[in-house]
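Protein sequences, first through last, are from chains A and B. With the numbering used here applied, the first sequence has no gaps in its numbers, which climb one by one up to 559 at the end. With the numbering used here applied, the second sequence has no gaps in its numbers, which climb one by one up to 1118 at the end.
Bear in mind the hints are in silico, worked out from the structure with no lab data behind them. Ideal Cβ placement from N, Cα and C applies to all residues, glycine included. Worth double-checking, as some hints may not be accurate.
[What the hints assert, rightly or not] Under 7 Å between C-beta atoms, here's a sample of chain B residues computed to sit facing chain A: (1) Met-606; (2) Pro-610; (3) Ile-896; (4) Pro-897; (5) Arg-959; (6) Arg-963; (7) Gly-1012; (8) Val-1013; (9) Gly-1048; (10) Pro-1050.
Number of protein chains: 2
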Amino acid sequence: MSDRNRLIYLPLGGAGEIGMNAYVYGVGEQGAERLILVDCGVSFPDMDGQPGVDLILPDIAWLEERADRLEGIFITHAHEDHVGALGHLWGRLRAPVYARNFTAIHARRKLEEAGHEPDQVRVVRAYPEVVEAGPFKVQFAPVSHSIPESSGLVIDTEHGRVVHSGDFKIDTNPMVGEPFDEAMWGEIAGKGVLAYICDSTNVFSRHEGRSESQLPEPITALIGRARGMMVATTFASNVARVKTLADAAVANGRSVCLLGRAMQRMIRASVEAGVLTDFPSTVSVEEARDIPRENLMLIVTGSQGERRAASAALSRGSYLGMELKEGDMFLFSSKTIPGNEVSVGRIQNALAEIGVEIVDEQSGFFHVSGHANRPDLEKMHDILRPRILVPNHGEFRHLREHARLATEKGMLGLVAPNGTMLELSGNAPAAVEYVEVARDYLDGSTRVGAYDGVIRDRMKLALNGLVIAALIVDEDDSLIEDAWVELRGLPDHLRNGHGSLTEMLEDELADLLPRLDRKITRDDDKIEEAVRRAIRQSVQAEIGKKPEVSVIISRLVAE
Amino acid sequence: MSDRNRLIYLPLGGAGEIGMNAYVYGVGEQGAERLILVDCGVSFPDMDGQPGVDLILPDIAWLEERADRLEGIFITHAHEDHVGALGHLWGRLRAPVYARNFTAIHARRKLEEAGHEPDQVRVVRAYPEVVEAGPFKVQFAPVSHSIPESSGLVIDTEHGRVVHSGDFKIDTNPMVGEPFDEAMWGEIAGKGVLAYICDSTNVFSRHEGRSESQLPEPITALIGRARGMMVATTFASNVARVKTLADAAVANGRSVCLLGRAMQRMIRASVEAGVLTDFPSTVSVEEARDIPRENLMLIVTGSQGERRAASAALSRGSYLGMELKEGDMFLFSSKTIPGNEVSVGRIQNALAEIGVEIVDEQSGFFHVSGHANRPDLEKMHDILRPRILVPNHGEFRHLREHARLATEKGMLGLVAPNGTMLELSGNAPAAVEYVEVARDYLDGSTRVGAYDGVIRDRMKLALNGLVIAALIVDEDDSLIEDAWVELRGLPDHLRNGHGSLTEMLEDELADLLPRLDRKITRDDDKIEEAVRRAIRQSVQAEIGKKPEVSVIISRLVAE
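Isolated chain A, as found in the complex (with noise of 0.2 Å):
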């Protein structure tokens, strides 16, 4: 092993965010080192800071650089924000994919849509089974979280042994998949843990983590007090959560109809891979139909308020014929993740117009989180006992205070967000680079970098409104005096409520272009400039806003 020789990390994403997780480590010797990707997930923009974009992606390109020494790509779990961007990025890094099997239906769906192999995928059994991936041993090592078959990653490497926890939560009575397994773990601690990547989102909740199991009993309860219709929701990938609310319909001897695609393809995932067993025989919507709506529940799509799924199609109206009337009752078997308060607000306060009855987390005790609380982070801690805990999965201040609660127990605690790269191998493991790593924005079906101000374009339009002026110019450098004024976004009446702002402008312009000196009319950005100028300054004066402008000059050219 060379002096150089040495084992890295450096996250593209998910460091410093929720969402968006790719982590690459290296081993080797530096600036040529080996390298594996963890995770090619998306995150979901927002009108706040992305109108109009599909998707945000990790920014790749110094992966991509790098791409003859990419090994392998990992995949932990199914969730988008691991999976989501593997389609769009593999033709940029077309490296292996390795996933074990729930996840690898995912993933390899991810490719085919993307145009790419799907053969690309490679299903890996749980540990101790071993990738080799260059000069990495990777196991998959099955931890319990929201989705089927997530997994934590075992790392080995000449340096050491590295673990990356995955999303995770300590439960030893899951209802779907693989309980804790502390003996397991204990082994995986046994050779000494160089480093823990650890999953961070609930380092601020203190008390202990709650079981899946905890939940069929009083959902069932509720189920039994509901005199109408019963809905419930939840993420479709949460495929325990849909099993117990199945459960405990038909308990209460209801039929099950399962609404929206995603939840559909879900289920039916599930059972071909063979995770999800005794999942009670559902009904369609056209047979739902004819059943009494007190014997029936409905478990659909839309937990986060999202404007096309059923929750809220059904919340604004009807879905696929199925109406909801007062007495009816409708579950919330999720967290609003923060950002969607206001959709599911919409969504609520629509259901309470019909008079529909909500329930949700505020209500009881109907939703259990997915990943680890505090004292299931310390228990990984200690059963692991690493030399370095390097916080992952969580914004700023979540990897702050992992890191600052791993220091407190005598491990040393590393903050590192995005395009900080560690070295987790040596003497004093520590930051030894800074990568430059924004985000890229899935923009219709074309890549648009965080800081191509294409975005921050179109939020200026949104915020200020748009006036489009066209002037013709002929051939002796001479305006054309009709110039032609359209708003966007912007109301076209004048300050005292009556006239147009259009015909204001045009008329400004008409008498502002015969008075331009040639010296500015030879040159359209001065021509811009002025025109540009008047308009702001009239907008201005007249309704109190500055708008963007957009100057379309015209030459006319002798023929």
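Given chain A, put chain B in place with the hints provided.
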């Protein structure tokens, strides 16, 4: 009293939403009722729904048409969602404004800023002083809330007594202002209450409300363990809280510095109005810079993550020369209002990056709500024993739940969202009319209706981007073939990442335009239609988005 003489209630804002309070009461013959308006508040826009808008105002068209019958405007307290629209709307109503002293200071400033005479605001003393306004006799009954001199209104009419709760909580020791006065409310109930129009904000909070007086001890202890600079933020108008924070600082030997204009103005107004006494002396920011950080406490604006407030500036680096450092502590003595989670999170993450310890509601007991929880609502129901309960100050789900609760307890609970006119008099109080009520936007200095399409257009620009195409048509209806194209909010590259979308579109139009039939080129609408369709198709094919398109046609006229 004529058969058709009646008492009506009509919310124009605040019922079906939290914010923008504006409630009309009327007494008289149907269609000739004499009217009063209770509160005249604003709501705050967001990028998601009202990009670029400055304020949301209630739609008072109904009341404006009947302004000659308006006897007075009564303001319950000085929060923006109760008084913020007064300056903007008073010119259309022109009725005397009644408020208690502290509220009147704010109401006068609103009128002054809008160019109206501030002496339209008349100061009323607390219950039992009576204002006579046409057929109404109105008293201001003190309640506890999160701003000084909050009041409920006792409104006597020939049909009976109505109590309008205003925003309130039950606090027997609110630290600043009048404690809950059960004897007074008993007296008010004595003659019988026809209807109670009641705050519903916290109807889903089932635990008993907590008193402001429970905060000094934990806050003083918290500051006691701070090692560096201490910073706390809360709503500036929560004068009691600001005093609690300042007292706790002094108890720990720290000098207090107020940062942010709203904070300074509100404390000054409170001292001047006599509602705040014994406020500790403060230091200016220039003095603060010379005080060792462990002897200093800043009380700052921006508890909701407002980008331009002191909290945000401090989190980004510095504010007026004050800088935060590792080891400082930052207390959010406030609730994050739904919708503001992301902006507050942004500040907390920036503080965490600096190394500042963040303490908020979740970390302990450093905030109490200003609204009555369910047990306190029930206590007021039981004291007043109204025949009718009309929930207000709530989203639809709150109104509905509050009405359900009232009905359960034997009152007549009536849900009346904005625009629902209730007749409260007579044998069968119920909704009698639905008034078309929208909302108005203050956009710059002008008013835009929510349904005018202007803001919708802005959102479309933000979501889809814009292609502008400028064409010239000559005297013979021939298109001069060089069309100019400009993109706004769209990436100027092609699918493969190379080449220019602008140039591609210009080439396509150069190809398309000469081929257009005379039947089309004679008609601007038809040209526009053809060009728009071509551009949308090409852009969709190239980058997967259907953009907005503005086609500007300049017609050359024979001279």
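- Minimum Cβ distance from Arg-963/B to chain A below 7 Å? 9 Å, violated
- Item | When the least beta-carbon distance from Gly-1012/B to chain A is tested against 7 Å, hint result | Hint violated; Gly-1012/B Cβ to chain A Cβ min 9 Å, cut 7 Å.
- Taking the least C-beta to C-beta distance, is Val-1013/B closer than 7 Å to chain A? 5 Å, holds
- Was the hint right that Gly-1048/B lines chain A, CB cutoff 7 Å? 3 Å, holds
- Query: Per the CB criterion, is Pro-610/B less than 7 Å away from chain A?
  - Reply: 4 Å, holds
- Query: How about Met-606/B: closest beta carbon in chain A under 7 Å, or not?
  - Reply: 4 Å, holds
- Query: Can the hint on Ile-896/B be confirmed by a CB-to-CB distance to chain A that is less than 7 Å?
  - Reply: Interface hint status for Ile-896/B: violated (9 Å vs cutoff 7 Å).
- Task: Go through the hint on Pro-1050/B and say holds or violated, using the shortest Cβ distance to chain A against 7 Å.
- Result: Holds - the Cβ of Pro-1050/B comes within 7 Å of chain A, reaching about 5 Å at its closest.
- Message: Is the interface hint satisfied for Pro-897/B? The criterion is a beta-carbon contact with chain A at less than 7 Å.
- Response: Holds: closest Cβ of chain A sits about 4 Å from Pro-897/B, inside 7 Å.
- Would you settle whether the hint for Arg-959/B is holds or violated, based on the nearest Cβ-Cβ distance to chain A being less than 7 Å? Hint on Arg-959/B: holds, closest Cβ of chain A at ~5 Å, below 7 Å.
Taken one by one, the earlier hints fail for this structure at numbers 3, 6, 7, listed in ascending order.
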